[in-house]
Amino acid sequence: LSAAVLWVAAVAAPPLAVIALGRLGLAVERLRGVAAACAAACSLICAAVFVTPTLEAFRVAWPFPAHPLVGPSLFRVSVFSTFLLPLPSALWLVSVAVTPRSRLDAAGLQRTAGATLTATLAFMTESPALLLGLWTTSNLLLVGALSLTEHGRASRVARAYLWTGTAFLALGIGLAFGASGPARVVGFWLVIGAVLVRKGIVPFHAWIPEVFDAGRMGPIIRFSAPQLGSYVAVVLVVPHASAAMLRTLAILSLLTAVYGAALALVQRDARRACGYIFVSQSALVLAGLDCTSPQALAGSLVLWLSSALAFTGLTRTVLALEVRRGRLDLTRYHGGYEQMAPLAVSFLILGLACTGFPGTLGFIGQEMLTEGAVQEFPAMGFFVVAAAALTGLAVLRMYFSLFCGVRATPLRQALLRREVLAFGAVTAVLIVGGLLPRPVIASRLQASHAILQDRRELSSTTR
Amino acid sequence: VSATAQVLQTAMLVTYLAPLLLVGVLAAAALVRRGGSETVTAIAVRSLLGVAVIAAATGLAVRLANPSVPKLVSYGTWFSFEEEAFRLDFVTDVPALCFALLSIAICGVVAAFSLRYMHREPGFQRYFVQFAMFTLGITLVALAGSAEVLFAGWELLGLSSVLLVGFFHERPAPLGSALRVFAVYRVSDAAMLSAAVLLHHWAGSGSLALVFSGGSTVAIGPNRSLAIVLLLLLAVAGKSALLPFSGWLPRAMEGPTPSSAVYYGALSIHAGCFLLLRAEPLLAGLWVARLLAALAGAATAIYATITARVQTDVKSSLSYAALTQVGIIVVEISLGWTTLALLHICGHTCLRLLQFLSAPNVLHDVHELEDRIGGHLAPGDRHILRSASPAMYLFALERGFVDSLMDRFVVRPFLVVCGWLDRLDRTLVGYGSGGTRS
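Protein chains in written order, with this note's numbering: chain A, 1 to 463; chain P, 1001 to 1438.
Think of the hints as simulated: they come from the structure by calculation, not from any bench.
From the three backbone atoms N, C-alpha and C, an ideal C-beta is built for every residue, glycine too.
Warning: the hint list may mix true and false statements.
Distance windows between CB atoms, simulated [unchecked claim]: (1) A:VAL432 with P:PHE1113: 32 to 42 angstroms; (2) A:GLY326 with P:ASP1407: 45 to 55 angstroms; (3) P:ALA1173 with A:ASP329: 17 to 27 angstroms; (4) P:GLU1082 with A:TRP163: 34 to 44 angstroms; (5) P:GLU1170 with A:ILE431: 39 to 49 angstroms; (6) P:ALA1003 with A:VAL406: 52 to 62 angstroms.
Selected chain A positions facing chain P (Cβ under 7 angstroms, derived; list incomplete) [said to hold, decoys possible]: (7) TRP163; (8) LEU255; (9) ALA389.
Put together the whole structure using the sequences plus the hints.
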């Protein structure tokens, strides 16, 4: 066994261990402890790629005769994916640490481990067929989490959109990598369609706020935050797509970024507002990925990390509040700042990171994205700025509603230490990343050059 | 010269590091001990703002004694990508150092006042963390040598301002007002960021030294300069409450009086004027921009002076009086009278600060004055205006209908369109999944 195969096995082992222990009937609180330890271990193993020269650019070859649907290698870690690898397990750790006891169950912990494994493996492959398999698995995990009767409506909406997207992807991959001529072009348009559905880009966005609203917050957060759709766009679309395809994708994404932020501002319910904030954030990331400027692309990659962390933290704070107060209506003030000051401050900083506030990693990403985008498509910069302005307003409105005002009844439960630590850690990462951004920028710029190099090499065959 | 430059560089470093450290210390103190400690806060505020004042004064003294020392102090690059570098540059010419010294000194005075004013107030620690953020923000705005530093300061200023407007967050009114103020600030911030991005894009650098020297008009051409200036004007109009954005000003008076004094009487409301003053060389040859600035300033001054006369509370009255002067300052800048404008900013800042800080005592002062003169003081302009021109009185009483016009033509259409889109989204997912949800 090569070092690379052993490393892949090591990455997969912690989530598999949690799934296995869950199946064996370990008590839920114990399973949470094991899951936290496994998530930390998985993060460290994924981060080992930075310090292990042999893992920096590894490949696990496909042992059978080559096929375009499988690609040249089964697994491959490139300069693009190295920074993304620890992301799913870091989000897993946060999720395990802050999930309230009342919402915790063994099946949920296993699904979270499964979702983490799926996302991590997806970030390690560029094989179209394997990506399709992991994409489908991740859909199954979300649909499974929404299978309870009270989420019936959300489940129906999610199934309708997700399976449509999966059908687009399957057909698209088949045509794009298995056919030639016009069928190949149609194939790439279908893959783009799948990405649009998965990421909730206008006009395929309506399912995301609905699932946030009527479904379960935890599963949809872990489904959406790593942004598998963006990864598929980078790996399958950007290297092959024509300029027109990328331009269409960028325009739709920019419209969505502003649209999502504007609708987040007028929502009456915190969950739905979170859904629209995700739509906006996710669209901003995709907008930059569709640029052929290395700066914009790198900015988008930085924004990807920043928005994944900030959005997860933000929505988890909403979830932590919801457990203590019930459904959160944004048309009134809920109070409780004095009892939950650390949560309130974290919420504000995480929200500001989503808007690109100076001093956070979000600022670096948005600045790079805007600078890069303006060079090739000046109007794009203004869309980014408008989206950031509207998101900022939406976040402050939520902050005032959720934490300010007079609390009519005492809180059911004070903030737990593990919650304070988890939210504090996410906030600290975003601030440190924003104040000392050079390593992240250097890595993402290198990745963006590599992606564009791939595109240049492959462009003649696609067009 | 190099030794002098070193002293200046060190002084500047201390000038903006002290408020930064203050934010860190106060935030850490609040985290370590819930609610913080008034003693620790008082020591930190007095010592660090004292150090910052001394450093800024040293910087100004060095500059006045050695005009040949380079005006741009650079602390390297914050981050860079490709050919773009985001530099930590600070301008150390006389106007910048004057405004920085004035700002930090005023922050120091108001902080000392606030230590007593806010004593045992719930949220004492929160007030000082936000106040320290403001001090850092205004210092960065005063000394910014690059568009990125300016934007960071501009954003900090806005955020701290809004959080202090909503300081008494148990009541809904301050929160509503804070959100309203933030909405205008977001427009201002968006304009500022757009200007910064365009400057970077067209000039290939975010250096404000180029803008402040007027070199960018030559470098990027008049049309592009006009676009940047118009965006800057929009940013200034938002931050300094020029028409049509004046509606937020009285709403911002919901915060504690010391913060109102420092924000809307003294510094924050002048931050836009100061930025326009620095960018004045960019206006050279751009008569459209000059005309627009003059019109905005003059209209605001006339509007504010009429409105100020009928206000029924002292803080609103003072804020409109301050706005009158802000409008006049903008007119001065548009006419190119920059030295007068700088003096006007400094003088007006101090006067309004004093008036705002003594506002809670105004009834006491009036009664004392009436006791001494042995009669009642003459009634204000309010009655004269009411009898002379009822229409103008109504206009003033309704604050020029600025808020209602903004509601009618901006807020309501936005809400209607978004509400319609929201319903459309709900309907879209309603088909085939159990009907539309309300």
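Checked hints:
no.	hint	in the structure
1	A:VAL432 with P:PHE1113: 32 to 42 angstroms	holds, 35 angstroms
2	A:GLY326 with P:ASP1407: 45 to 55 angstroms	violated, 32 angstroms
3	P:ALA1173 with A:ASP329: 17 to 27 angstroms	holds, 19 angstroms
4	P:GLU1082 with A:TRP163: 34 to 44 angstroms	holds, 42 angstroms
5	P:GLU1170 with A:ILE431: 39 to 49 angstroms	violated, 29 angstroms
6	P:ALA1003 with A:VAL406: 52 to 62 angstroms	holds, 59 angstroms
7	TRP163	violated, 13 angstroms
8	LEU255	violated, 12 angstroms
9	ALA389	holds, 4 angstroms
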